[in-house]
Amino acid sequence: MEKHQSVRAKLKSGIPVVGSWLNSGSPIIGELMANTGFDFVTVDAEHSAVDLTDAQPIFQAIRSGNPNTEAFVRLHGVDYAFTKRYLDGGQPALSLL
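The sequence shown runs 1 to 97 under our numbering.
The hints are simulated quantities; they were obtained by calculation from the structure and are not laboratory data.
Remember, predicted model here, so these are calculated numbers, not experimental data.
Please note: incorrect hints may appear among the correct ones.
Unchecked claim - Calculated lysine to aspartate or glutamate pairs in the EDC-like style (CA-CA distance at most 16 Å, straight line):
hint	residue 1	residue 2
1	LYS12	ASP39
2	LYS10	ASP44
3	LYS3	ASP39
4	LYS84	ASP51
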């Protein structure tokens with residue numbers, strides 16, 4: 001069985017990665033997307049109604065759907081206290097625009 005490589009390791013090695021955006025607040029959709037085999041799923045907390053309360057169950061569902069699919073989050077801005085709450089929740093990557 002081949003060892004799983006993180007998205008970061010794949011990118012550093014020049015290996016293409018495939019992911020998708022999730023705008024739904026449904027953990028079930030997150031789990032289904034992870035089951036498709038994406039390398040990552042980015043939860044859009046900038047342009048959707050998803051907030052930290054909604055996001056945590058979605059991240060857990062993505063991880064349970066496929067432990068090799070990484071759950072990322074896109075935040076609405078750079079605010080240290082707000083960003084830290086997502087990082088404290090175990091998010092490996094944040095997109096701040």
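Cross-check of the supplied hints:
1. Restraint check for LYS12 and ASP39: the C-alpha separation of about 14 Å stays at or below 16 Å, so the hint holds.
2. Restraint check for LYS10 and ASP44: the C-alpha separation of about 23 Å exceeds 16 Å, so the hint is violated.
3. Between LYS3 and ASP39 the alpha-carbon distance is near 14 Å, which keeps this suggested pair within the 16 Å criterion.
4. In summary, the hint linking LYS84 to ASP51 is supported, as the alpha carbons are separated by about 14 Å, within the 16 Å threshold.
Going through the hint list in order, the structure does not satisfy hint 2, though it satisfies all others.
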